[in-house]
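Chemist: Sequence:
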Amino acid sequence: MLRRIFGWSSPLPKAAVTRLGVMRLRSSGPVEGDDILVQKVVVKIEAACLPSPQRQARCEDEALGMKREKKDETPLTPKKKAKKAKIKKERVPRKEPNGWKEILHGIQQMRAKKDAEVDKYGCEVFFDESFPPPVCRFHVLIAAMMSSQTKDPVNAAAMGRLIKHGLTVESMLEIELQELAQLIRPVGFFNHKAKYIKQTASILTKQAEAEGKEVVDIPNTYEGLIALPGVGPKMATLVMNSAWQKCVNVL
1 MLRRIFGWSS PLPKAAVTRL GVMRLRSSGP VEGDDILVQK VVVKIEAACL PSPQRQARCE
61 DEALGMKREK KDETPLTPKK KAKKAKIKKE RVPRKEPNGW KEILHGIQQM RAKKDAEVDK
121 YGCEVFFDES FPPPVCRFHV LIAAMMSSQT KDPVNAAAMG RLIKHGLTVE SMLEIELQEL
181 AQLIRPVGFF NHKAKYIKQT ASILTKQAEA EGKEVVDIPN TYEGLIALPG VGPKMATLVM
241 NSAWQKCVNV L
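Residue numbers (full-length UniProt numbering): 1 to 251.
Derived by calculation from the structure, the hints in this document are not laboratory data.
Mimicking EDC-like on lysine to aspartate or glutamate, the simulated pairs with C-alpha atoms at most 20 Å apart in a straight line are:
#, residue 1, residue 2
1, Lys246, Glu223
2, Lys164, Glu176
3, Lys234, Glu124
4, Lys164, Asp128
5, Lys151, Glu117
6, Lys164, Glu124
7, Lys113, Asp152
8, Lys195, Glu176
9, Lys206, Glu223
10, Lys114, Glu124
11, Lys151, Glu124
12, Lys206, Glu174
13, Lys198, Glu179
14, Lys195, Glu170
15, Lys195, Glu179
16, Lys198, Asp217
17, Lys246, Glu129
18, Lys246, Asp217
19, Lys246, Asp119
20, Lys164, Glu129
21, Lys151, Asp119
22, Lys206, Asp217
23, Lys164, Glu179
24, Lys234, Asp119
25, Lys246, Glu124
26, Lys164, Asp152
Make a model of the complete structure from these sequences and hints.
Modeler: Laid out in structure tokens, this is it:
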């Protein structure tokens with residue numbers, strides 16, 4: 001009945017049900033009707049449900065705290081960073097390394113004979129003047145491209161096989177990729193390098209056609225060389241020095 005009067009959806013408190021039963025059993029006078037008993041129980045329940053002053057004050061404090069937290073979460077307008085004062089750095093003169101002249105003299109003595117493998121099989125060796133200059137420069141470029149991760153004698157042997165086959169831009173366009181890979185094998189990463197060689201031949205041909213040149217030649221700048229596939233900074237520097245006789249960097 002309490003749920004019907006107040007529209008409660010939850011079950012009645014146990015205290016209310018027990019209290020209603022006890023009131024009926026202990027009543028010495030005439031038994032009161034259900035409506036009267038219900039009204040008495042309701043009054044007592046409502047009195048018990050009223051919040052105490054301490055509880056009400058705590059709830060108010062919690063509500064104020066939540067409002068303060070929400071205010072603190074609001075993003076503040078970004079402040080402009082203060083400009084740092086520029087501090088001028090004084091250039092400290094560098095001192096010469098100890099014994100550098102003796103070390104340089106020792107290196108010069110060791111390299112006087114020039115009998116190392118790089119002297120015998122370096123990419124500049126393949127600038128053979130018996131070929132036309134553009135072909136000579138192309139040989140130097142290919143030798144430099146194959147030199148990475150490869151010993152100089154192995155690279156020289158692969159270059160010998162390529163020159164015997166016919167190492168020109170046109171021949172590299174016509175040769176099959178697998179045949180080229182087998183020709184330069186066992187240089188390091190021979191499959192990748194065969195692909196780079198064919199791509200380079202195609203790029204050089206298209207560049208010559210775009211510039212209206214009849215003869216295909218390699219780029220004559222460091223930036224043009226390093227833009228080719230498979231050509232790094234060291235290779236581009238070597239080619240500029242060996243093919244074009246221009247020193248652009250120090251290795």
